[in-house]
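From just these sequences and the hints, can you work out the full model?
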Amino acid sequence: MAEFKLQAEPPLAGTDIQMGETRLTAPKDLAVVAIALPLGGEDKALKAIKVAYGIALPGPGLSAEAADGSTRLMRTAPDQALAIFTRADPDAEKVVAEALGDTVYLTDQTDTLCALELSGPGARAALERICPLDLHPQAFAIGAAARTVMEHLGVFIARTGEDSFLLLSASSSAGSFLHAVETSLKNTN
Amino acid sequence: MSQQNRIEGGLVNRAKPLKFSFNGKAMQGYEGDTLASALLANGQRLVGRSFKYHRPRGIFTAGSEEPNALVHLRTAAHGEPNTRATMAELFDGLKAKSQNHRGSLEHDLMAVTDFLSPFLSAGFYYKTFMWPKSFWEKVYEPAIRAAAGLGALSMKEDPDTYDKGFLHCDLLVIGAGPAGLAAALAGGRAGARVILADEDFLPGGRLNAETLEVDGMPGAVWAAQAMAELASMDNVRILTRTTVYGAYDHGIYGALERCTDHLADAGGKPRQVLWRIYSKRAVLAAGSTERPIAFGNNDRPGVMLAGAVRAYANRFGVAPGREVAVFTNNDDGWRTAADLVAKGVDVRAVVDCRDAEPPVSLPGVRHVRGAAVVNTVGRKGLKAITLTNGTTIPVDCLAVSGGWNPNVHLTCHQRGRPEWRDDLNAFVPGGVLPVGMAVAGAANGSMTLSAALAEGRAQAEGQIEALGFTPAKAEAPKAADEPRLAAAFWYVKESTKRAWLDLQNDVTVKDVKLSYQEGFRSVEHLKRYTTLGMATDQGKTANIPALAIMAECTGKTIPETGTTIFRPPYTPVPMGALAGRSRGKDFRPYRLTPSHKWAEANGASFVTVGNWLRAEWYTREGEKGWRDSVDREAKMTRESVGICDVTTLGKIDIKGRDAGAFLDKVYSNTFSTLAVGKVRYGLMLREDGICYDDGTTARLGENHYVMTTTTANAVLVFRRLEFARQCLWPDMDVHLISTTDGWAQFAVAGPKSRDLLRKVVDKEFDLSNEAFPFMACGEITVCGGMPARLFRISFSGELAYEIAVPARYGNSMMGVLVEAGKEFDAVPYGTEALGVMRIEKGHATANELNGQTTAHNIGLGKMVSQKKECIGQVLSQRPEMIREDAIRLMGFRPVDRSKKLIAGSHLITKGEEANMENDQGWMTSVAYSPNLGHSIGLGFIKRGHERKGEIVRAVSPVHGSEMEVEIVSAHFIDPEGERLRG
Chain R
20 MAEFKLQAEP PLAGTDIQMG ETRLTAPKDL AVVAIALPLG GEDKALKAIK
70 VAYGIALPGP GLSAEAADGS TRLMRTAPDQ ALAIFTRADP DAEKVVAEAL
120 GDTVYLTDQT DTLCALELSG PGARAALERI CPLDLHPQAF AIGAAARTVM
170 EHLGVFIART GEDSFLLLSA SSSAGSFLHA VETSLKNTN
Chain S
8 MSQQNRIEGG LVNRAKPLKF SFNGKAMQGY EGDTLASALL ANGQRLVGRS
58 FKYHRPRGIF TAGSEEPNAL VHLRTAAHGE PNTRATMAEL FDGLKAKSQN
108 HRGSLEHDLM AVTDFLSPFL SAGFYYKTFM WPKSFWEKVY EPAIRAAAGL
158 GALSMKEDPD TYDKGFLHCD LLVIGAGPAG LAAALAGGRA GARVILADED
208 FLPGGRLNAE TLEVDGMPGA VWAAQAMAEL ASMDNVRILT RTTVYGAYDH
258 GIYGALERCT DHLADAGGKP RQVLWRIYSK RAVLAAGSTE RPIAFGNNDR
308 PGVMLAGAVR AYANRFGVAP GREVAVFTNN DDGWRTAADL VAKGVDVRAV
358 VDCRDAEPPV SLPGVRHVRG AAVVNTVGRK GLKAITLTNG TTIPVDCLAV
408 SGGWNPNVHL TCHQRGRPEW RDDLNAFVPG GVLPVGMAVA GAANGSMTLS
458 AALAEGRAQA EGQIEALGFT PAKAEAPKAA DEPRLAAAFW YVKESTKRAW
508 LDLQNDVTVK DVKLSYQEGF RSVEHLKRYT TLGMATDQGK TANIPALAIM
558 AECTGKTIPE TGTTIFRPPY TPVPMGALAG RSRGKDFRPY RLTPSHKWAE
608 ANGASFVTVG NWLRAEWYTR EGEKGWRDSV DREAKMTRES VGICDVTTLG
658 KIDIKGRDAG AFLDKVYSNT FSTLAVGKVR YGLMLREDGI CYDDGTTARL
708 GENHYVMTTT TANAVLVFRR LEFARQCLWP DMDVHLISTT DGWAQFAVAG
758 PKSRDLLRKV VDKEFDLSNE AFPFMACGEI TVCGGMPARL FRISFSGELA
808 YEIAVPARYG NSMMGVLVEA GKEFDAVPYG TEALGVMRIE KGHATANELN
858 GQTTAHNIGL GKMVSQKKEC IGQVLSQRPE MIREDAIRLM GFRPVDRSKK
908 LIAGSHLITK GEEANMENDQ GWMTSVAYSP NLGHSIGLGF IKRGHERKGE
958 IVRAVSPVHG SEMEVEIVSA HFIDPEGERL RG
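So the protein lines, in turn, are chains R and S.
Read left to right, the first sequence gives residues 20 to 208 (this note's numbering).
Read left to right, the second sequence gives residues 8 to 989 (this note's numbering).
Bear in mind the hints are in silico, worked out from the structure with no lab data behind them.
Every residue, glycine too, gets a C-beta built ideally from N, C-alpha and C.
Possibly wrong hints are sitting among the right ones.
[Said to hold, decoys possible] Which chain R residues face chain S? A few, computed with CB under 8 Å, are given here: (1) Pro-29; (2) Leu-58; (3) Asp-62; (4) Pro-109; (5) Asp-110; (6) Thr-129; (7) Thr-179; (8) Asn-206.
This is the structure in structure tokens:
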């Protein structure tokens, strides 16, 4: 038994704000692992992803859930994607490595990013105040994903449902990130 | 006071009376009133004092072009000066007051300036307050500004909140008058995503203010029906109370929505929202603005634009006067007379400068042909007008129509120049419009209702067809073409009294002529000399008549005279709206280190480093100032062990088969040969060979490196590497991702650092010097299996490590390290002690890598490998960059050790005069070294490496200081590096 024990203190843990029917939460124990497709090894990597997750890796600007619903794959660049899933232990990279072997390069982003989920009828109106992208259902279909800037913060945004969005931003500025989204929600609902 | 001027009809809700006050006087209006219409309903003609001469002024218009009726709304910190009463929507409990007077509005002491007006013509200040020069800023200007001007700020922080936002559409329709409604209907019915924006709270534009019919129904009813249809469409977004104030690049428009200005209480919601609208196409249907005719004393309360008079009568059910005359140069003025007659208002005369038959038959109304108004009487309110034929007619309201100007402003925001149309005597949009914009209706010179409706629809259909939509097959709205003939008649030459052009800036016809006479003949000079067209209304009613007068002076045509340039915003935008949420601590995002909470609880003081908040020192009880804390932290670290959160340094995860080769290209030194499990210091150059950034890069695996950058350059280096990867060497298998925030990284430095880490690092990892020597690195576990990374690197020069754990465990890790270090008297240290120790060790940071220095300058010339190519390598070898006598990074200590060195001091050889010519270099960083007991410095000096032991002068003319300093090695502590290798 080690003499000292470390406690996890994720920056947005416990966030759960309800405004009318719209809700802002920080998903618990969300793990994020970046997947890079080796140059020249793309086919092999894509095949491995399909085998492991039961779906083809979505194209850039898109995201999709694995066949078993356990993992969301978000394509962030032609040669890069994020695997987003629930995992409390600090070994998320190992989990993905077990699935994909050495067909890809992996980097744990669980602690680099923090996440907020905004869902409900007021979600889009709230995001309109900070997100420069067109989130109209016609322009940003379910599954659409993009990287943008909100209130000076870099943010990945994915539409995960009819009225729900997953937002990822740098964990060091989590306080400003939450403030930006929460203020938008309060200003519009 | 009763609403004595309220007449029947209008679009106000008489079932909903609203109480308000003006200058403390209780009044009543109705829902649907503006403050202006309610004031007129209550018989309040005098509403303000003019800018320069403190002339009594009344309401002049019924729209956003209002130059006169600027009032202060609300009270205390919520107070807002310079609000146009014509745009302020009435609400219950509104408190308004007039501005720019000393004493009461009725008895303004500053009105004396009006009697001095013969001395105060255009350019008066420039000519008069010239001597002595120094008095301008301190004496004259403050005095003049106090005497002239508009409203006053509360000087309190604005308690309201503001927001911003982004909107997207296929078709933006600017203005919801007849053309705009027709355009929005066409776009909406075809299924395009439409945004319809209008500055008014009641869409409809002139349909609400006039009595013309559309599709056989009153215009206002048709407008309400059109709005109801638009509101029922999911693809149409209606923004009322929203002014599109600017046309920017690529179809982007700026718009200000006034969300809660019409409410007594904002209810915690943002008062205004500044929208950025991304449109694929736009139809500008901004309508037109009526212009006045200048004649003697044409600024009296009661003299109004004719279109405004009929707007008050038709839309608001208010007669601005009991006995009204109309003075016109065009057919449209006659429609005002007709509307007033229909409302039962006593129209005493229509004075038409044209000697022609009336376009409208008004039995019983006196028609004065070929005449003009030459003067008026009634200082605080119009009493009578005098005509050029000598007749005097007693009236309390004069409706003036000098024709209509298309609102071309937004067409000019990207340097489009309007074109003159002789048949309209007005400028219309020129050929070059902002990308994606079409113009419809009166804004495009299609002045009749029928033409506006047709053009609104046609332009919108053209725009959406270009986007691939098919226009719906609906009947076009039908209306008649009202008479619109007009004469070019700008001012009454027979007037001997002052004839006002720009009511907001008190500019007269005579001022324009004076400007010409004194040589300020270009319109741009005219504007600056007379201030014509400046201030909050930007001369919306004044510019064209003034141009006409200047054209007459110069003998040119109006189009030859030209216009000034219209720039955004179309109407004023409050500073609060431009700031949005970016106020106070939310001005920009903040970044916290993983151990921030621990630091806060343990006496840390924080410094902003970019967006980061970093602990600068930790105050202990009894410490009297920062130096006490910093000296202690630096000393204790060197004596035992110190812990510092260094997470802010940039970390870039680099993976791929070509990662090593890639690093060889971006660093001046070689990394492909670095062994797995080792760290190397790396220096990056700019393309021009100047130092760019530095840091250590560790090789954790065959295809895996972790680069660190300086805190300040973390993002820039990442971007530069991405550029290199994607654009310079796309054939390399290299992948980058930032992990700066992912790992909580702590420097553990000092002779006891190994002992401390042994208590935290899991036992299977051997930390002995043999197993884990200087510049070793590895992936380990701590505290019973927690994944961690350990690097044996040293910034302080001590035996030192950096240890990293996943960031969410960082706060806990800081506590654990301090707890585990208790037996060694471990100390947390901040950025100041970090700085002291790096100066003691002679390590360069941003002060030295300042964008002007080379590797050669900092003594790392040999690190620029000549065996391979890297960014900056070729240009770093230019002769000038590697001169023998170049400045070199050295250490400095004061000859008199009790003296304090000053950073920025310039170094001068002894015996030489302290001037630029003899400048030998400068001191870049200084600190008090608690370990040496005196001040030390780093700096650059020519041929420094050959001058150790020489005494030079450190001169700082800014501080008026000079002292002798000795050139020494930059490595004050442990120059041989025995400690860090131990």
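Checking each numbered hint in turn, tell me which of them this model violates, lowest number first.
Result: hints 3, 7 break, sorted rising.
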